Structure formats: C-alpha cells, structure tokens
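Trainee: Work from the hints to combine the two standalone chains into their complex.
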Amino acid sequence: MIWAVTMPTWGLSMEEGTLVAWRVAEGCRTSIGDELVEIETAKIANRLETQHDGVLRRQVVKPGQTALCGELLGVIATDETAEAAIDDFIARYPKPQQATTRADDAPSSSDSTLVVELSSGGWLRYVTLGRHGSAVVLLHGFGGDSDTWVFNQGPIAEHHRTFAFDLPGHGGSSRQLQDGSINGLANSIGHGMERLGLERVHLVGHSVGAAIALGLCVQHPERIASVSLIAPFAFGSQANQRYVSDFTSAHRSRDVQRCLAMLFVDPKSVRRQMVEAVARYKRLDGVHEALGKIAAGVLRERAPTPELKTPADRLLLIRGMHDNIVSDGQTPVGARLETLLHSGHMPQMEEPGQVNALLLDHFADADRAGVRV
Amino acid sequence: MARISFRQALNDALRSEMKRDSRVVVIGEDVAGGAGGSGVDDAYGGIMGVTRGLVGEFGRGRVIDTPITESAIVGMAAGAAMTGLRPVAELMFVDFVGVCLDQILNQAAKFRYMFGGKARTPLVIRTMFGAGFNAGAQHSQCLYSFFTHIPGLKVVIPSNPYDAKGLLIQAIRDDDPVIFLEHTKLYDVEAEVPPEAYTVPFGEAQVLREGGDATIIALARMTHVALEAAVALEAKGIQVTVIDPRTTSPLDEETILESVAATGHLLVVDESNPRCSVASEIAAVVAERGFRDLKAPIRRITAPHTPVPFSPVLESAYIPTSAAIEGAILELVGES
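As you go down the protein sequences, you meet chains G and R in turn. Following the numbering used here, the numbering of the first sequence begins with 1275 at its first residue and continues without gaps. Following the numbering used here, the numbering of the second sequence begins with 441 at its first residue and continues without gaps.
Simulated from the structure, these hints should not be mistaken for laboratory data. Only a predicted model underlies this, so the values are computations on that prediction, with no experimental measurement involved. Treat each hint with caution, since some may be false.
Stated by the list, open to error - Some, not all, of what chain R presents toward chain G, calculated at C-beta under 10 Å:
1) 441
2) 456
3) 606
4) 609
5) 624
6) 628
7) 637
8) 638
9) 639
10) 644
11) 677
12) 695
What the hints assert, rightly or not - With a straight-line cut-off of 20 Å between C-alpha atoms, the simulated SDA-like cross-links for lysine to any residue are:
13) 1336(G) / 676(R)
14) 676(R) / 1559(G)
15) 676(R) / 1294(G)
16) 1336(G) / 701(R)
17) 550(R) / 512(R)
18) 1542(G) / 701(R)
19) 676(R) / 1339(G)
20) 1336(G) / 675(R)
21) 1542(G) / 512(R)
22) 1369(G) / 1334(G)
23) 1542(G) / 702(R)
24) 1336(G) / 702(R)
25) 459(R) / 1559(G)
26) 676(R) / 1542(G)
All residues carry an ideal CB built from backbone N, CA and C; glycine is no exception.
Bound-form chain R, shown alone (with noise of 0.2 Å):
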C-alpha cells in the first residue's frame, strides 16, 4: 500500500469514480487549468491541483472550466444532478458560498422534499476551508455549521488521506447532496492509502486513539491538534480518548456518548466560531442524552467570535492550540 497526500487521495477518488460511471463530471474554477488561454492546457487542476491530470483523460465535455461565478457553477451542477449526471462541484473557497447559497439552500436541498421523493440530486460540493494561510477574513472561515443547520444536506469533512478518498466516493455514490469540506491545511498530510476503490460510510465516527480519562471531539485539522494534545497529556499520565466525526450532518451520536459514558468528561474542539456550531451541537447532544455519564462540566476550546485575523501573528492566536486543550483537559480532569 502506498503513502500518498490527501490533495492525491482525492484526486484519485474523482479518477476512479469518473472511470467507473459516466455520468460523473467536475465542474469548477480552473478545474483543467488555463482553459482558453494560450498557457498550458492543465496547468492546475484546481487551484490545490486535486484535479489535476483529469481533463487529459476524461476531456473537456466531463472536466468543465467555468467563469468565476459561482452560482452558475452550483446552479448547473445541481440541474444536471437531477436530470440524471453526477456532478462533482467545486468551490474555490467556502467562503464564496454566499453567492450561490440559494441554489444550495433553497434548490439542492429541497428537490427530493419538494418533489415527493421522486427527485433525486446526487451531487457534490467539494469546497476548501479553514484557517492557517494568512489568507484573510474571506477565504479562511470553516461555516461547516451553515451546511450542517440545512435539511436535505450530508456534511462530510475528511481528517486524514484514507478517509478523504473513501467518504468523497461514498459522496459520489450517494443520492442527495453532499458537501464535502476540504481543510486547507491537509493537503500534503500522507498517509496509506488502498489503491483501488472503497467507501466510507457517512454517519460513522473514528476513535483515533482511546483512553479513559476524557473524550476530545475534533474535526479535520484539529484532530491533528487534539492527537498532539493527547501525547503531551500522556506524559503527565492523563489517557484521552479522540473522535473524529468524520460527517457532521449525519452525526455519529451513538460514538460520542459511548466514550463520554466511559470516560465522563468532554472537550470538543473547533475551529469555527462558537455561536450555533457543531461545538454547540455536540455539547447539546451529550447534556441532552449523556449528562448523567458526566463528572464535570462539558467544555468547547473554539475560535472567538471574531472574523479570521490577516496578521500571521493573531491568526495564530484564533486557531485553537494543542496547549490550550492539554489545559482545558488538565483543568476538567481536575474538577472532578
């Protein structure tokens, strides 16, 4: 089995996909690169390259470069998924989602509610997100929790290259609309990756790592952090379990409150800001269902609410750090 980046997992994902049905297609800015220029002709692939390579072997009719316009490229996308193709779209950044938020919300959403079940929209909106480039307060929010409050939505949002190849099949694959959150800072994250074609399933947590002593809940990135947390704990003699969601919309709920159960304390770690947010989510569900399992109060280590910082020095300061969980389970560990 060979080591490979999440931006190659991907890649080979949409390959795989493309070749085994015809009726998958990319549409997106830049997704073949310098099209209609005199440049070279898949010069990019998008602009983190998870495209690249596909126009050469599918043509121009499957890998379709668009105007920058957003609500042309997730309009047509979720036409064509209801008459019949499987589109793969692809939003440069999320933060873009506000031009074209009506045909997510109000069309993709709601065809197979509207139509009685006898619409089908299988597409899927790859799109990046998430701090740590300097890129400023409009290209480095998550809004994962936008798409997680919508009905009709799957919300995907892959942690590491294995799971990044085997949920954005299974988005393929599935019937309703998926949105499918890339973190920007995982691109070159390696790791094995299977060869040949497989599924993860939706609404499946991942426990990384297992302890008794407290549960972290982290998404993407931040599960890196939490694992790192967990090392640094480890040498103080404190076992930590970590849960990777994987999907936020559907949640694993059952994963959750079987550690929080065993364990009885819970931190949940986010990148995105606090109010309405997954972090809020996951601590309701757990006063709601596990509030007898727990010995202390739950706690969130999340972004301020605040727009994403341009200075590199207070961007650091947004993003949650490995040392702020090590103090927050110190200190929950502590109370009990």
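Just chain G, with the same shape it has in the complex (with noise of 0.2 Å):
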C-alpha cells in the first residue's frame, strides 16, 4: 500500500503553505497520530499528524520550501512496496492547479459560505462543509469566527454534514446583539438552525460557544444529537477576566497580538495573518460595542449550570490541560471529560487530530444510540 501526505487545507483562505520541518525521518516507521510533519501557514503553525501505520519512504518537499494544498509532500508505504512504485506514485501524482481567479477576481467569500436571515432583522453567516451523515453544527467562542474550527471543519465533513456559524455580533453575522445573554445568542443560533431546516444536529460548542450549545440544550431538548463542548465555559468554570477586557478593548495590532498568545500553549502558533484577520474584525464600528455587552452579560459571573434533559452519556467535555482563559468546572455525572495534555485554550487547534478523533466517535455513539431508540 502506498498513501501520500499532501499539504493540508486549513479554512478556506489557504492556497499554500511552508513545510518547516519533518518530525520523522526518511526510512522511519509511523503510526496514525504519530507528528509528521511541521507546517506553517501566514495565519497559523501547526503539526500534521500520520494518517497511515507504515513508513515514511519519501520526504518529497523540504523544510523550507513551500507547497499549494493539495501538493504531494511525502509518501507513506509498507515495507514490502517496491521502490519503483513510489517513484512511479510520485511521478504521476497530481500536480493542484493554483487558484490564481481567486486570488485575482473573485472575493474571498466561496459558496460553502452563506448567510441566513432570522427574523429579528439581523443574519447569521455560516460555512458549511459536507454533503452526506448526520448534521454537525459548530460554534465558536467570544471574539472568534468560524475560522475556529479550521483544522476541524473538513474532517469532520468527511462524514457529516457540518454548518459553522459565526456567532451574533462576530465575524460576517450582523453587530446588532438584542442582548448580550447566552439565551439571547442561543435564541439567534436555534432561529438560524431552524431557518436552515436542521431538525436535530449534533452541538459542538468552543469556550463561550459550550454554554450556547448547553442553551440551546435546554431551549430544544428534542433537536439535539449530542453535546461536545471544547475548553467550555459551562458548568461554574470561570473567564479570565483580565483576558476579557483586553481582548474587548484591543484596536492595535500588538495588543491583539499579545492576547491571542494567551490562548495557546505555543504563542507562536499565532501568525501574523491570524493576528491580522482579527485585528481587522476588532476595528470594526459596533464591534467593540457588541463584545462589551456579551462581557458584561455572560462573562463576569461562573458559568451557568443549565437542567439539561440530554442524556449525560451524549455530553463530551474536552479540556486542555493549560487553558488559561476559562477555569474548570464540574464534569456532570456520567459525561465523558478528556483533558489534552498539550493544549491551552485552543484544543481544536492545538491538537486537532486527537479533538477530531473525539467527537467523530462521540458523533457515531450518538448516531448508533439514536437508531438504536
């Protein structure tokens, strides 16, 4: 068996990237979850993760260069695969066009990105990925978009169909918040949901993104699959406040800077381009105003610790070990908790492989579970 390993495409603006380093040596055994390679991105750095148990025959592009998504990097195969087929593989391996009409003409907006009307007057942008399997709806945390889940997104849409939101207030949703509350903003997402016909998904929700999900866990019981919460503010955990209020208040570029690095355990996961896309997001007119008010409204108290009627086995907590932003709080009986050991407050980005594994399983249990009713 011969599997290449190609550079990835994380979020939609990635055309490229740089291989920075190989973490496994030409000739050497690899394992599935084994860090293959290093790779980084004009927004983010970040390890890609062996997909196949083999070994690494080929190092096809070297630290340093840069490669399109798509572009074969390497080649994993099994002891007993010829040396001509690998080079016959890697010859007619093929060559991903460049998007040069994007990158000229067309804006950045693809059609997996969309915008829903609700009623209130406002919209909701979303990104959707997948066409086939249960319905995954993502939700992102205070200050971010649905670029959160960039390492996430495709993955999962490999088997579900997927649907990140940007949440009131944030990214290409609309400023206007009605309140600040979390019911508020889970009256917004089920309206969205509701308006895109999604009868019953399954809820993954980041930071302040979990105690949305765990709203909508208690304004619509019935619609909802399972519960994934990710470095969740739920459950009495706390917010860093001093976090908060800077992030609320940056407008220059360092400032942003200097609070993204508090997410993550490698500050230097944080590219200039990320620190760009949300400086520039921050800049807006009604931004600084919409996340004074989700501050004030939700984050200066514990977490709530909603009565849900989900059954505890459909609910998945993952936390990372260094999460400087959000304090833990209670595991209910009977959820499943994973704490990633090399993680701040970005588990999704910070070890995406192992998140992924995570809720594709939890996604299939409830799905079993569900026929099984």
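Mentor: If you want it as structure tokens, here you go:
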C-alpha cells in the first residue's frame, strides 16, 4: 500500500503552506497520530499527524519549501512496497492547480460561505461543508469566528454535514445584539438552525460557544443528538477577566497579538495573518460594543449549570491541560471528560487530530444510540 | 467582501462619515465638479473622482466647491474646524502647499498648543502626491517630510485600499489636524475592503511580509515596489521583511526596531528627495536605538536630490525601482 501525505487545506483562505520540518526521518516507521510534519501558513503554524501506519519512504518537499494545498509532500508505504512503485506513484501524483482566479478576481466568500436571515432583522453567516451524514453545528467562542474550526471542519465533513456559524456580533454575522445573554445568543442560533431546516444536530461549542450549546439543549432538547464542549465556559467555570477586558479593548495589532498568544500553549502558533484578521474584525464599528455587551452579560459571572434533558452520556467535554482563559468547571455525572495534555484554550487547533477523533467517535456513538431508540 | 479601488475606498470613507456625523464637510477645488458652470453637476468629484456622488447625497452646503485658492481652502477649513465642524479639505496636489503653508504651519498645527489645549482642530487635509505621471516638477513631489517635521500635525500615507478607508475614517474622527497623502499611482489599486465603517489606528506600522534576512521600510507606492523586490529576492533564497509605517507622525518605532533586531539589516526605501527626509529619520531612529542589532550599515534608496524630471525616461530613472532595492539588499546581506 502507498499513501500520499499532502499539504492540508486549513480553512477557506489557505492556498499554500511552508514545510518547516519533518518530524519523522525518511525510512522510519510512523503510526497513526504521530506528529509527522510541521507546517506554517501566514495565519498559523501547526503539525500534521500521520494518517496511516507505515514507513515514511520519501520526503518529496524539503524544509523551507512552499507547496500548494493538495500538493504531495511525502509518501508513506508498507515495507514490502518496491522502490520503483513509489517513484511511479510520485511521478503520477496530480499537481494541484494554483487558484489564480480566486486570488485575483473572486471575493473571498466561496460557495460554502452563506448567510441566513433572522426574523429580528439581523443575519448569521455560516460556513457549510459536507453533503452526507448527520448534521453537526459548530459554535465558536468570544471574539472568534468560523475560522476557529479550520483544522476540524474539513475532516468532520468527510462524514457529516457541517455548519459553522459566526455568532451574532462576530465574523460575518450582523453586529447588533438584542442582548448579550446566553439565551439571546442561543435564540439567534436556534432560529438560524430552524431556517436551515436542521431538525437534529450534534452540537459542538468552544468556550462561550459551549454555554450557547447548553442553552440550545435547554431550549430545544428534541433537536440535540449530542453535545461536545471544548475548553468550555460551562458548569461553573470562570473566565479570565483580564483576558476578556484586554481582548475587548484591543485595537492595535500588538495588543491583539498579546491576547491571542494567551490562548495557546505555544504562543508561536499565532501567525501574522491570524492577528491581522482578528485586528481587522476588532476595528469594525460596532464590534467593541457587541463584545462589551457579551462580556458584561455573560463573562463576569460563573458559567451557568443548566438543567439538561439531554442524557449525560451524550455529553463530551474536552479540556486543555494548560487553559489560561477559563477555569475548570464541574463535570456532570455520566459525561465523558478528556483532558488534552498539550493544549491551552484552543485544543481544536492545538491538537486537532485528537479532537477530531474524539468528536467523530462521539457523533457515531450518539447516531447508533439514536437508531436503537 | 467586495474588491474595490483605493479611490472607491476613500469615497466610502467620506460617505460613511458624512452620514454618521453632520459636522463633516468637504471643501476643495472641483470637489462637486462643474459648480457654477453649465455642464453636468458633480461631473468630476475632484480631479481623481474621489468625492464623486457626495454633492448629490449631501448637498452643496456640505460639499463646497471653491475657487482656485489654496490659502482660502485651508484657512476656511482650519477656522471651521476650530468652531465646531469637521472639515475634509482637498489640496489638488501637495506641491501647492506653498501658498497655504502659513494656514497649516502657523495656524492649524498651533491652535491646540497656543490655546492651552482648549481649542480642538478636527481638520483633515487630503492631498495627492508622487511621481509617475509625467506631470512635471511642480505636480509630482512627495513633501511628506515637510509635514512630518511640524509638531501638531499627524501625517498619514496609506499604501492600499483597506488602509485608505480605515485611516481616513480615523483621520476624520481625530481631533487634531491630519495631513492625508494619497499617491497618484495608487487610485486604481484594488483590494478587499469591508463594506462597513472601521478605523485603522495611527502610529501602527503594518508588517506586509516576514523574512529573516533583512528589513525593508517603505511607504505608499514604494511598498508595492519593495514587495516586488521581495519576491525576486525570495527566488534567490533571501527572505525579507517589508514594513509599511502607514503614518510618519506618529511613527511606530517599536515595530521597526523589533524587525531590525531580528534581521540585522535595514534598507529604507523612499520616493522623496533624500535630505532631511522620512528615510533619514527612520535611519536615525535605528542608528540611535538599534545600532547594536545591525550587522551592516543602514542603507537608503531614495530619489536623487533633484526636482522630478518631466521627461518620461528621466522620470523613470528618478523613481526608486525594485531592481535597485534588490541590488541593495544583495549588497547588504553580502556585507555581513
């Protein structure tokens, strides 16, 4: 067997990446989940994990070189595969086309970025990927947007229909908030889901998005197949008030950078374009007010512990061991808790392979249980 | 998000602030086009079309066409600013500043200081600068170092449509006089610009590209020339950082010094004449505060100390080129 290692596409705007270093030497054995190669884009630096057990037979792209998304970086194969077969595989591997039209003419919003109107007069932007399988709704945290899921939405979409919403006041959604409460935010998302005809979904919430996911569970228990909460602001946890106020008031890129660095175990994960994208969002008229409302309405108090009708075994909590942003809350009896050792507040970006595997397992369990019922 | 031109980004900024705040007025020659004549109303919107459409939307009371008299334009705008309006005055070419320099240098820039902080002067002077149009020695100069030299003025020099809109909105909302310089060759440059209002803070440089071998500082059109050189250098295995200061007063010294600390090599590219220029100032800052980080002497690439030539051949020789930048970086990196 021969498998290709290719440049991943992390998010809709990524066109190429730079290979920083191979973590596995040519000729060495590698197993699923191993850190295989370090990749850097203008937006973020991260590690790609091995997807197949085998031997890294070739490093096609060398450290320092840049490759287009989808371009062949290396080859993993079983021991018995002949050298000639590997050479042939490399020679025949299709080269991706440079997305020149996108860079020059087209707006950044691709076909998968859409908007749903709300009866309140506002709108929600969402990114949708995947055409088959049960539906998954992804809810980012305070000050984020659907880019929170750059390492997750693609892999999840191989098995599910996915919808990553921008929360009200965030990303490409309308700025006006009716109120900054969890219930108000959950109302808007619930309305958006209704408009999209999403009758039963797996909810995934990061940080404040977790509180909103729980709010949705209370409002629409019949629509929730499972709940996954990542670095959750939920069940009595507390938000780092310094971070909340610094992030809310940050206007200069330098201040934004300092805030974003607090989210990750390795501050070097934060790249210039990520800072720039967040700074651009922060400078828009109305954003400061929207974030201020949420900060005042939600983040000052301990996170709520709602009465859930959703069975506890449908509840997955994923925490980062080194989270500086939210303190650990309680874990409801019967819920599954996973703590990732090398993550801060952003496990879905810091250890995406693990998070994706946990989420996909959790969705599959809930889908099977749903069928049994 | 739509791709729009630098010209349209400025137009968006003016329209959005005029809608938001009725004290914002536009004053200048031909800003409403054809005023008082028999031609089409609002035919021009300024010679570059930046104010087109504003007179129809906001009326002649807020889009004021003036006679050809810069001293009156700037004098009127400075007085209006002090008495409560937020005027955006337009000087057709920065080269014409000579006839209204007293209004800027001795009046607008000094009001707050002279009145013990009790007077505010929320004035923006938009003006066009730069060579490349074969427009001759009196219509092609940069002159931003004039304004940068004067305490009491803020000096803004955008290089792209996103910055142009955000910096102009910031300038209009600022309570001090701001000189806003638009390079003649940038009006048709396009980029993605958010449709809603936003501000870009003054005194924050933007890192346009990151590389570990050398730092290039460039403004306005020169950022594009520097980026072109950076691509050519990359092919030769040399990675450069390109920084756009965006405003020369205030100047973001920290970003420049941090980059020089990382690369050890500094090249300042400046389309203006070299003596007492912005390039000299940046070189001085780094020599003073970052000398120990330097692995080689600071380099400058500027226009020569001559008027801008009218002859197209000579004018192209006058403007710094990407080949010259590339050569200078190769020398710099080779020297260490």
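Trainee: Each hint: holds or not?
Mentor: Each hint tested on the structure:
1. 441: Holds - the Cβ of residue 441(R) comes within 10 Å of chain G, reaching about 6 Å at its closest.
2. 456: holds, 9 Å
3. 606: With a minimum Cβ separation of about 6 Å from chain G (threshold 10 Å), the hint on residue 606(R) holds.
4. 609: holds, 9 Å
5. 624: At about 24 Å, which exceeds the 10 Å cut-off, the nearest Cβ of chain G leaves the hint on residue 624(R) violated.
6. 628: violated, 15 Å
7. 637: holds, 4 Å
8. 638: holds, 4 Å
9. 639: OK, holds: residue 639(R) within 10 Å of chain G, min 6 Å.
10. 644: Hint holds; residue 644(R) Cβ to chain G Cβ min 5 Å, cut 10 Å.
11. 677: Holds: closest Cβ of chain G sits about 9 Å from residue 677(R), inside 10 Å.
12. 695: Where the cut-off is 10 Å and the nearest Cβ of chain G is about 8 Å from residue 695(R), the hint holds.
13. 1336(G) / 676(R): With Cα atoms ~17 Å apart, residue 1336(G) and residue 676(R) stay inside 20 Å; holds.
14. 676(R) / 1559(G): violated, 43 Å
15. 676(R) / 1294(G): Distance ~19 Å between residue 676(R) and residue 1294(G) Cα, so the pair holds.
16. 1336(G) / 701(R): Violated, at about 28 Å.
17. 550(R) / 512(R): holds, 18 Å
18. 1542(G) / 701(R): holds, 18 Å
19. 676(R) / 1339(G): Holds - the C-alpha atoms of residue 1339(G) and residue 676(R) are around 13 Å apart, at most 20 Å.
20. 1336(G) / 675(R): This hinted pair holds, its Cα atoms lying about 16 Å apart.
21. 1542(G) / 512(R): violated, 54 Å
22. 1369(G) / 1334(G): With Cα atoms ~13 Å apart, residue 1369(G) and residue 1334(G) stay inside 20 Å; holds.
23. 1542(G) / 702(R): holds, 15 Å
24. 1336(G) / 702(R): Not satisfied, since the Cα-Cα distance of roughly 24 Å exceeds 20 Å.
25. 459(R) / 1559(G): holds, 14 Å
26. 676(R) / 1542(G): violated, 27 Å
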